[in-house]
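Student: Protein chains in written order, with the UniProt record's numbering: chain X, 1 to 297; chain F, 1 to 297.
Mixed in with the good hints there might be a few duds.
[As the list claims (entries may be wrong)] No farther apart than 25 Å at their CA atoms in a straight line, the calculated lysine-lysine pairs in the DSS-like style are these: (1) Lys42(X) <-> Lys42(F); (2) Lys264(F) <-> Lys63(X); (3) Lys170(X) <-> Lys131(X); (4) Lys49(X) <-> Lys296(F); (5) Lys170(F) <-> Lys131(F); (6) Lys210(X) <-> Lys63(F); (7) Lys170(F) <-> Lys186(F); (8) Lys264(F) <-> Lys210(X); (9) Lys63(F) <-> Lys71(X); (10) Lys196(F) <-> Lys131(F); (11) Lys131(X) <-> Lys296(X); (12) Lys196(F) <-> Lys71(F); (13) Lys8(F) <-> Lys264(X); (14) Lys42(X) <-> Lys210(F); (15) Lys71(F) <-> Lys210(F); (16) Lys285(F) <-> Lys49(X); (17) Lys49(F) <-> Lys71(F); (18) Lys8(X) <-> Lys296(F); (19) Lys63(X) <-> Lys49(X); (20) Lys71(X) <-> Lys210(F); (21) Lys8(X) <-> Lys71(X).
[What the hints assert, rightly or not] What follows is a set of in silico ranges between Cβ atoms, one per label pair, in the way DEER data are often shown: (22) Ala115(F) <-> Glu74(X): 36 to 44 Å; (23) Ile172(F) <-> Asn116(X): 54 to 62 Å; (24) Lys296(F) <-> Asp260(X): 31 to 39 Å; (25) Gly146(F) <-> Phe64(X): 38 to 46 Å.
In case anyone wonders, no lab produced these hints; they're calculated from the structure. It should be emphasised that the depicted structure is a prediction, and the values quoted were computed from it without experimental measurement. Glycine included, each C-beta is placed from N, C-alpha and C at the ideal position.
If you want the building blocks of each chain, they are given just below.
Protein chains: 2
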Amino acid sequence: MTNSAQIKYPYFEEATSAEVVNARMGSDIDERFREVMSVVVKHLHAAVKEIEPTHEEWLAAIKFLTAAGHKCTEWRQEFILLSDVLGVSMLVDAINHRRPSGATPNTILGPFYVANAPRYANGANICLDGKGEPMAVSGRVVDTDGEPVSGAQIEVWQTNDDGFYDVQQKGIQPDWNLRGMFNATKNGDYWFRSVKPRHYPIPADGPVGKMLGHLGRHPNRAAHMHFIVTASGYEPVITHIFTPDCEFLDQDTVFGVKQDLIAKFQREDPADAASPDRSGAARWKVEWNFTLARAKS
Amino acid sequence: MTNSAQIKYPYFEEATSAEVVNARMGSDIDERFREVMSVVVKHLHAAVKEIEPTHEEWLAAIKFLTAAGHKCTEWRQEFILLSDVLGVSMLVDAINHRRPSGATPNTILGPFYVANAPRYANGANICLDGKGEPMAVSGRVVDTDGEPVSGAQIEVWQTNDDGFYDVQQKGIQPDWNLRGMFNATKNGDYWFRSVKPRHYPIPADGPVGKMLGHLGRHPNRAAHMHFIVTASGYEPVITHIFTPDCEFLDQDTVFGVKQDLIAKFQREDPADAASPDRSGAARWKVEWNFTLARAKS
């Protein structure tokens, strides 16, 4: 078990504490795990040395982690929430989805994706509960040279006008409300109807919600729609588009907003319609292209 | 809610990810909490950037934390174990107990301390189950000038010869086995009898034990006795002494061993005794002085 690193750091000393811990690893272990844990220990000790926590502060951290663990169930993942609100989920996503300039950026999948959404023809309305401000979405799937990608598949999901996904309101919303799968034409075109998305809070009744409160932060996600766009020969894209007028646009609590994902939501104002705004029948038009990067071979 | 830091970093970018997260804190929050969380986020993001985890590795970390949380009960604290085996507990202890040169170093209290141990006269034997190799401990409590500290109180606790504390074996060991409280004389002298301590494993049947396995580490603590020494006008000392011949001395799984806490354990070999070793009646003699630092006023 003893190795040369360990002989150099046999006993605990404050100055070399991380080296002492890392020298303890065995010689015959998974090399990636060694690398990962070395970095974890290095930064953990550096953070403790910078913070210089009191015993009580250390214990508060232990209790926070314990409460987060106890909050986790089959249906609730408090540590993923923690990762989300500390920007770690977006960072891991960014690291794993570096793309050529111009390609649509990736974002996190989020907890509300459900596979096997209904397949619709272009033009269908995915809003099944009739609530909210009508919206028409259309655009094209192109490659990084601007050429159309034919036969791409576009999957979309979003909250209803009350700020809930169908799976959060089973029995209240129609099944598969505001979810759909579309195929782009051979020119890469797609189009469908929906309603303007709304902001909504992440679950804030646990330790992470309490932490957000102490940080002076709110639990709201900026209003958005989710997309997965796939096409043979291209890297799949998991992404969002955001409404530009949401009050939480620059405060999305999971840091999902990227500058390049803020769409234009244009109010359709047909001259022949009588005061569409005042009647509550305003319509929104969104044009959005997805730019796919070629798959790495 | 919007402040100047936030305006500088409105949306997520990989390069400035930690700054984006920290800029989100409110202006009217506890300043110490702001400082602590800024450092946590900074090092968390730095670690993620250095590790570049895959999605699967990130999920493995989430699952590890969840399993650790689920292992915690009123009687089991898996996150403290995690803190212990990563050297964090010792580091926090060291940071909070920096002492003048020569003073007895502090160590962690550990989970097996119980208040209100029986008070004995010097010379008493704290071993109530008759197991193990007899040992005589004696020494003096002095200040950093080497002058005796009169009337110091010395509290001691340790495992029995099977490697368990009394509280781990209620009904098997006598209550208060191997625990005692002594008062030093006016010259600072103390002395008592016990048995030579044994190494023992920390609870290794949970996620932290599994992690230790993947790190090529064992769960054993080096053989030791615990002490708390207090005297009016001096900083209390929570400390260990370690046996020099324990096979785990340079591999204590919670990094409790400090060079200055390794005692001499001398075998008493009275010329007039018939083969004390072979009879199993070997006796050990330990001389150990505690050096107290004056309390900060």
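Student: Of the hints stated earlier, which fail here?
Tutor: Per hint list: 2, 7, 8, 11, 12, 16, 17, 18, 21 and 24 violated.
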